[in-house]
Structure formats: C-alpha cells, structure tokens
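2 protein chains.
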Amino acid sequence: MSEPSAPRFLGDIPIDAARAALLQAAELACEYLEKGAAYRVLPEIAPGDVRKALPPSPPLEAEPLAAILRDYQALIEPNVTHWNHPGFMAYFATSGSAAGIVGEMLCAALNVNAMVWRSGPAPTELETLACDWLRQMLDLPAEFEGHINDTASMSSLLALAAARERAAPQTRTRGLAGTRPLTVYASEHAHSSIDKAAITLGIGLENVRRVAADDAFELRVDALADALRADRAAGLLPIAVVSTVGTTGPGSIDPTPAIAELCRAQGLWLHVDAAHAGSAGICPEYRALMPGLELADSLVVNPHKWLFTPMDCSVLLLRDPHVLRAAFAVTPEYLRTRESGVVNLMDYGPQLGRRFRALKLWMTLRAFGVRGLQQRIRYHCALARELAGWIAEDPRFELAAPAPLSLVCFRAVPDRPPEAQDGFNERLLERVNATGRVFLSHTKLNGRYVIRVAIGNLRTAEADVRTAWQAIRQAFEDESAAYRAAP
Amino acid sequence: MSEPSAPRFLGDIPIDAARAALLQAAELACEYLEKGAAYRVLPEIAPGDVRKALPPSPPLEAEPLAAILRDYQALIEPNVTHWNHPGFMAYFATSGSAAGIVGEMLCAALNVNAMVWRSGPAPTELETLACDWLRQMLDLPAEFEGHINDTASMSSLLALAAARERAAPQTRTRGLAGTRPLTVYASEHAHSSIDKAAITLGIGLENVRRVAADDAFELRVDALADALRADRAAGLLPIAVVSTVGTTGPGSIDPTPAIAELCRAQGLWLHVDAAHAGSAGICPEYRALMPGLELADSLVVNPHKWLFTPMDCSVLLLRDPHVLRAAFAVTPEYLRTRESGVVNLMDYGPQLGRRFRALKLWMTLRAFGVRGLQQRIRYHCALARELAGWIAEDPRFELAAPAPLSLVCFRAVPDRPPEAQDGFNERLLERVNATGRVFLSHTKLNGRYVIRVAIGNLRTAEADVRTAWQAIRQAFEDESAAYRAAP
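Protein chains in written order, with this note's numbering: chain A, 511 to 997; chain B, 511 to 997.
Hint data in this document are derived by calculation from the structure and do not stem from the laboratory. Hints should not be assumed to be uniformly reliable.
A pair holds if it fits inside one copy or across any two, identical chains being indistinguishable in the list.
[Said to hold, decoys possible] Straight-line Cα separation of at most 16 Å, EDC-like style, residue types lysine to aspartate or glutamate; simulated pairs:
1) Lys562 / Asp642
2) Lys545 / Asp526
3) Lys954 / Glu929
4) Lys954 / Glu843
5) Lys954 / Glu908
6) Lys954 / Asp932
With the hints as constraints, model all of the structure from the sequences given.
Right under this line is the structure:
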C-alpha cells in the first residue's frame with residue numbers, strides 16, 4: 511500500500527459535510543411536513559418529465575451534497591404525489607409521523623442487517639417486542655408472535671406459504687409438481703395481493719376462489735361452504751381462507767367468526783387481512799366491529815397504513831410461527847451462529863436481509879402512546895361519519911357502501927340514463943383531483959363506478975374534509991354544466 | 511364534530527418538537543458515524559437482555575421524543591451489531607454512507623408509495639434512471655432495464671419467477687400442480703436464497719440442482735451439462751441456471767460465458783447473482799474478471815452491499831422485463847390509472863407497496879461519483895491483496911480460496927491432527943471476535959472450516975486490516991497456549 515499509485519483510504523465524505531447535509535435534510539423534512547399542504551396533492555407533470563430533467567448518465571466526479579439537495583428540492587420533492595398532504599384521501603391514506611422519520615434516519619445510520627440474532631441483537635428483540643405491543647393493543651392472545659415485513663402483500667404471501675406448508679409439507683422439498691391443485695378462498699372484495707401470492711407460490715390465479723359477498727360486501731359463508739364442497743368433490747385440496755377485515759374497495763368486514771368455524775371444522779388455515787382496518791382495532795369500540803381476530807392462524811396489520819409509521823412496516827402475527835419457519839428455514843454454513851433458541855429473522859421468509867424496521871414502529875408507538883393513537887383513529891372515523899352524513903343528506907349523491915370506519919364510498923347520481931352515470935362519476939373524480947387540493951381514488955362495486963374517500967392521514971383535519979366535499983359538489987356543478995353545454 | 515366530547519384534531523407531534531427531534535437524530539447519526547469505531551463490533555449481550563430492559567407493554571400516554579432518544583442511546587445503539595464499524599468484516603461488509611442516510615431520511619419524510627406511476631411520478635422515474643446509471647456503470651447493453659427490490663433474495667426470486675413464466679406460462683393461472691417438476695441449476699456455492707426462492711415458488715428444494723464446482727470453487731460446466739441431460743432424460747423441465755459472480759463462501763466467479771452458451775442452446779433462463787461482487791464491476795479491471803454479465807437474462811447487484819447505499823437496495827436488471835410483468839401484473843379496479851405506457855412498479859413482483867429507495871441510491875451515486883466509487887472499491891481490493899499476502903507468507907496459516915476481489919478466505923494450520931484443525935479454527939475465530947475490535951465470519955470449503963475476511967466497509971482502512979491480522983495471530987498464539995495448558 512506504499513506505492514504512490516496505490517489506492518488510498520478515502521472513506522465516506524468528510525464528517526463536516528455529512529453533518530451539514532444531515533442537518534439540512536432534517537430541516538428540509540420539517541419544512542416539508544409544515545408546508546406539505548402548499549403543494550398540489552398530485553403534481554402537474556407528464557410521464558417522462560422528471561427523467562428528462564436529469565442527466566442520462568451518472569456523474570464521473572463527486573458532487574457536493576448541497577448541490578444534490580438543491581436538485582432534490584427543485585426536481586424531486588415537487589414531483590412526488592404528496593402522500594403526507596392533508597388532502598391525500600386516495601387508496602388508503604398513510605402518514606409518516608415525525609417519530610417514524612426519526613426512526614428511519616437512525617435505522618439508516620446504524621444500517622444493521624438483522625438476518626440472525628447475532629448480526630442484530632437489539633433489532634431482533636425490538637422487533638419481537640414492538641410486535642407484541644401491537645398484539646396487546648389488538649387484544650390478541652399471548653400465543654401470537656409477530657415479525658415485520660415490507661408490505662401486507664408479503665405478509666399475506668407468507669401466511670399462505672405457511673398454510674401450504676401445513677397442508678402439503680412435501681412442497682418444501684418436492685415442490686408442487688405432482689400435487690393435486692391447492693385452493694385458497696377469499697371474498698370477491700379481497701385484495702389483489704392474494705392473487706399475486708397465489709401466482710408467486712405456484713398455486714395459480716385460477717385456484718383462488720373469489721367467494722361472493724352479500725349486499726354489505728361481506729363474504730357469504732354459505733357461498734364459501736359451497737365452494738369448499740365443490741372443490742373437495744373435484745379432488746382439489748383447499749388449504750386456506752382469507753377473511754378481509756376492511757376490504758380495499760368498500761371497506762367491508764368479513765364475518766371472521768363464522769369463517770373461523772368452517773376453517774376449524776375443515777382443518778383450513780385462517781388468514782385475516784386486516785392490513786388497513788386492523789389499526790382501528792386498538793380502539794375497543796372498533797375492535798368490537800371485528801370479532802374473531804383471535805381465531806386467526808395469521809393476521810396482518812400494517813402500522814405503515816394507519817399507525818403513522820413510515821413505509822414500510824407490515825406486521826404479520828402468527829399463532830404458530832413454527833410452521834412458517836418449517837417452510838423457510840435454510841441455514842447454510844456461513845450463516846450458522848452459536849446462539850441457540852434465539853429468533854433468527856431470516857427464518858421467517860425468503861429474504862435474508864432485514865432492515866431495522868422495528869425502530870420506527872417502537873418510536874411511533876411511544877411518541878403517541880396508545881391513547882394518542884386511539885384519539886387520532888377516532889377522529890378520522892368521526893370525520894368519515896360526518897362526510898357520510900353530508901353525502902346522505904344531499905340528493906345529488908348516494909353512499910355506495912356502509913362506512914364503519916374511515917373509508918367513505920359514494921357516487922353522484924345525476925339525472926342521467928344509467929349507462930351515463932359511470933362516466934359522469936369518472937369525470938367528476940378527475941375534476942376533483944385536478945383541483946390539486948385533494949386526491950381521491952375510485953373502485954367499482956356491483957359493476958358501478960364508485961368514488962372512495964379514505965381518511966387516515968395524520969395531518970387531515972375537518973377543514974380538509976370540508977374542502978373535499980366542496981370540491982366534489984363543485985365538480986358536480988361543473989360536470990353538469992359541461993354536459994348541458996355540450997353540442 | 512361540535513359536541514365537546516367529540517374527537518378533535520391532534521395531528522402529528524408539534525412541529526417544534528418534531529424539528530428538535532429530527533435535528534437531534536441527525537446529530538446522533540453523525541456522532542455514531544464518527545464514534546462507531548469506539549464500540550465493540552459485536553455487543554457483549556446475551557439473548558433476551560434488550561427485551562428484558564424494555565417495558566413489556568406499550569405506553570398508554572405519549573412520551574417526549576427526547577426521552578425516546580435517550581432510551582435509544584442507552585439501550586438500542588450500544589446493543590446492535592455495528593455493521594458501520596470499520597472492523598466489521600463478517601458476511602459481506604456493507605455501509606450506509608452519509609448521502610444514503612440523507613436519502614433515507616427524506617424518503618421517510620415524503621413517505622411516497624410508488625406502487626403506480628401516478629402515486630409516485632418522480633420516485634418511479636428516478637428508480638428507472640438510477641438503475642440505468644448502474645447499468646451503464648456495469649457496461650451492460652441498453653436493453654437491460656432495472657428496478658429496485660429489498661434484497662438479492664427477492665431479486666433472485668423474481669428472476670426465477672420470470673424463468674418459470676417463460677418456461678411454464680400456465681403457472682400464473684393454473685399453478686404448478688399437474689406440471690412436471692421444474693428444475694433450477696446453481697453451483698454448490700450459490701447462495702441459500704436460491705433454495706429459498708425454489709421453496710417459495712413451489713419448485714422445491716430437491717429441484718435445485720447444486721452443481722459441483724472445480725478446485726477454484728467455480729461451477730463446472732461439464733457437470734452442469736450432465737445434470738441437464740440427466741434431468742431431461744428423467745422427464746423434468748429445466749428452466750434456469752444461476753451463475754454466481756462472487757459466491758458468498760469462497761467469493762468465486764462462475765464461468766458465465768460458457769454457462770450462457772449452454773443456456774442459449776437449451777432455451778434456459780440465465781440469472782446472474784452478482785449481488786456482492788457485481789459492484790466491483792464498475793471498475794474495468796474487475797469487470798474483466800466477470801465476463802458474460804451482458805449475456806444474462808437477469809442480473810442482480812446490491813448497491814446496499816458494496817456501493818455504500820443503506821439497506822435495503824437490490825437492483826434487478828432484466829433483459830426483457832415484459833416476462834416479469836406477464837407473471838405479476840394484476841390490476842384491480844382500485845389501482846387502475848388513466849396513464850398508459852408508464853412503468854407501474856407494482857407490476858414487477860408480488861408487493862404492491864414500494865418505498866422510494868431510488869432516492870438514496872441516486873444521492874449516493876452522485877455524492878461519490880463513479881470515480882469515487884471505483885477508488886473505494888479498488889482500495890478494498892488492495893487491502894484484501896495485502897492481507898492475502900501476509901497470510902501466504904505466514905506458515906501458520908494458508909489461503910483457502912483465491913481472492914480475486916475483497917473477500918479473503920483462510921485457515922490456521924496448526925501442528926495438530928487433521929480432525930483437530932476445524933475446532934482450532936473455530937475457537938480461533940471466537941477469540942478474534944471476542945476482542946470486539948473486528949468481526950469475522952466463517953464458512954466451510956471442501957468440508958473444512960474456513961475463516962472469511964470480507965473487506966467492503968466504507969470506513970475500513972489499512973489500520974483496521976492490520977488490527978484484524980494482529981488479532982488473528984494473537985488468537986493463534988492464545989489458542990495454541992490454551993491447548994498446551996489443557997490437562
């Protein structure tokens with residue numbers, strides 16, 4: 511290393527530059543949280559605009575972080591969709607709280623990879639602890655053990671992998687070739703991640719039975735029983751039922767206790783997808799709306815959805831984590847450690863690497879406290895009830911689904927032929943979103959276009975819901991006027 | 511909302527408290543980066559210590575962030591394994607650079623979920639751009655398109671899912687039941703994530719053919735050809751071969767061009783797992799050691815491993831991303847957007863939710879520049895050559911594998927019977943790690959215990975490698991003395 515031409519130690523950027531950049535980033539983060547509402551929720555850009563504004567090739571030489579942060583401010587921050595905006599009411603509104611942002615920053619500084627206990631002792635133990643706190647908040651029995659995944663998609667995939675392991679343990683070694691088709695059952699309103707899990711796991715889309723729902727969009731247990739009977743008669747192997755507590759479209763809650771009874775009688779794995787609505791289960795009055803969570807074999811709740819933890823943080827609670835470990839534990843020599851009886855998080859799924867996601871969850875739960883989280887969820891649900899009341903009272907609109915929590919589905923009912931109603935609502939939604947003050951999304955229920963208002967952002971106040979309602983009514987007027995003016 | 515008992519808006523913690531906490535966290539992060547070396551790399555704690563020190567139940571009331579950060583400093587930071595420590599040379603040493611930490615903090619503040627272009631325009635476009643920068647740095651043809659996953663495990667899983675889609679497209683709908691067994695080929699030294707992907711995808715562990723390697727630990731193409739022939743004769747359906755560029759155990763580089771020729775001739779998907787060593791491919795002289803990357807159907811390189819980007823950031827480059835989308839695209843009504851022809855990142859795998867990981871990658875690539883990254887990688891490889899030289903010159907030790915890049919595998923060769931050698935090395939490693947000054951890991955090669963020194967941490971300097979070498983020689987002396995002293 512002594513030759514003059516030999517490489518020399520350079521390390522990270524100088525610590526003074528690092529400190530200046532980190533402090534500036536902290537300021538930028540605060541300013542963003544403060545001024546977020548000044549942005550349009552949806553930026554006014556066309557596909558390709560951002561990429562065109564950036565150099566097509568990487569820089570040869572180092573650039574100062576101040577310059578990079580200038581570009582961030584000019585090109586990136588303004589051109590994201592502002593999920594932290596109080597007017598964000600699309601999909602499921604999520605929020606990164608300040609406590610969670612602090613957690614993410616420290617997670618990145620530590621940069622621990624808690625694949626085995628030894629490579630991340632505190633991260634491993636904090637993950638099991640934070641998940642247990644959540645378990646207690648949801649009033650679930652002590653036998654449930656949790657771990658954190660990136661998304662509910664992955665949590666549900668692992669739940670179905672565990673179901674596959676229990677029903678067809680030879681899959682781990684021999685795969686699914688030669689097995690009779692496995693089948694999975696979920697409501698017609700269950701999330702698309704169930705379909706994607708079935709693709710991934712080699713089960714196949716066709717073997718996800720989308721069971722009919724009733725008028726309240728809740729899975730019909732009689733239809734489930736029929737489907738199971740027919741599949742067994744056809745020689746298929748049912749392995750699991752997904753009960754959705756808070757469907758993405760209408761927000762309905764499947765009858766978990768009756769589903770659980772069927773599962774118990776038939777030896778089926780019961781997975782409860784409470785990714786969004788499960789957070790409301792920390793309030794006793796809303797937990798009462800979701801009976802039977804305690805009967806699940808697995809349950810997913812995403813603190814990154816409605817417990818103010820930044821993306822990504824999806825908690826999978828398992829009654830018997832052994833089944834998941836039996837499916838996934840593979841320990842090559844280079845990952846063997848001398849500790850025995852410890853949790854090695856790599857055993858819980860296909861991924862080896864693990865971020866220290868528990869840090870932000872632990873910090874967020876503490877920064878708000880259980881009561882603080884309950885208060886915010888109750889406020890969101892109260893806002894939704896208020897909006898639902900306004901909609902119900904206005905003859906130009908109708909509610910399209912019950913709104914037990916904070917998701918309100920409705921449609922405009924203009925004086926038009928039935929076949930023109932959907933188009934009217936679609937254009938109305940475009941008009942609302944074009945205001946830039948709110949962002950709503952849509953779905954279809956019973957084949958008809960429906961507008962969704964998902965209240966759940968930490969920063970959303972009553973004024974924002976009034977703004978949304980005002981924008982909706984104005985859009986109704988404008989769309990009606992445009993129709994009258996059309997040749 | 512006017513009743514006095516109705517919930518009221520509370521929002522996030524007050525912005526002044528948020529600012530104070532974010533600035534304090536930025537300071538803590540800087541102090542950690544500065545003082546990291548003052549910690550023992552491996553904390554001296556026993557399983558359960560951290561969890562016991564924390565309240566078993568969540569707090570009812572909110573706690574100030576200052577108090578939470580005090581607990582973080584007292585209980586969490588000291589009890590992680592210090593991956594950012596200059597003495598961390600276990601597994602594959604990874605680093606979070608200051609630029610990457612800045613990126614993660616802003617990612618958390620924006621909290622964008624770029625599942626579709628519309629829900630994250632800049633994040634989607636920056637992801638494709640940053641991956642294209644990496645493609646150029648690796649001198650790969652323009653047809654490769656990249657996206658970011660959490661881990662190489664997931665990237666390789668998706669690559670094999672694409673291979674499955676191409677070879678057996680009916681899997682998406684009908685699953686693998688009734689299909690003849692699919693088989694996947696990889697070196698005996700390939701990563702365990704290939705096994706886990708086979709479990710997940712329903713292919714099965716038994717259908718991963720671990721192909722014998724030669725004396726340099728490189729996959730034997732003749733053995734691969736034999737395995738393929740035998741499997742085809744047995745009626746199995748080979749779908750993919752994994753060529754590992756930088757195996758986890760010995761760091762060997764499989765002969766990708768010859769493997770690619772076989773793949774082309776037999777219509778097999780070629781996945782290159784260059785998760786760690788691929789980063790060195792940004793230096794022309796190391797890229798020359800990994801010919802044939804350009805022949806892959808898919809290639810994984812983890813910037814979170816050796817391009818100083820905090821966990822998690824694994825780039826999967828695909829020659830034809832259409833195949834992956836064909837497997838995974840499922841668009842329910844509530845995710846339909848009006849933009850056409852855009853990249854919707856949800857189509858590239860089972861997960862719907864997507865963090866804005868591109869931000870930290872883009873910031874890191876700019877903060878160092880291509881030359882800055884090359885310099886650091888060259889320095890690490892030079893350190894490894896130096897260490898390998900010291901080992902080669904010391905008769906008490908022997909190199910256990912070639913060290914083309916920055917991973918050095920060796921063992922002590924004490925004057926003991928063959929059956930005592932492994933135990934000696936194992937105890938030697940425990941002694942080295944017990945110093946707290948460095949952390950090394952191990953593997954087995956040709957059935958024998960081998961110590962691995964993985965140099966790749968941004969903060970590792972020549973003095974740290976000298977410290978490691980000194981600790982290794984001291985441990986040899988101590989272990990020899992303990993043996994002599996034993997009754």
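Hints that the structure is at odds with (numbers, increasing): none
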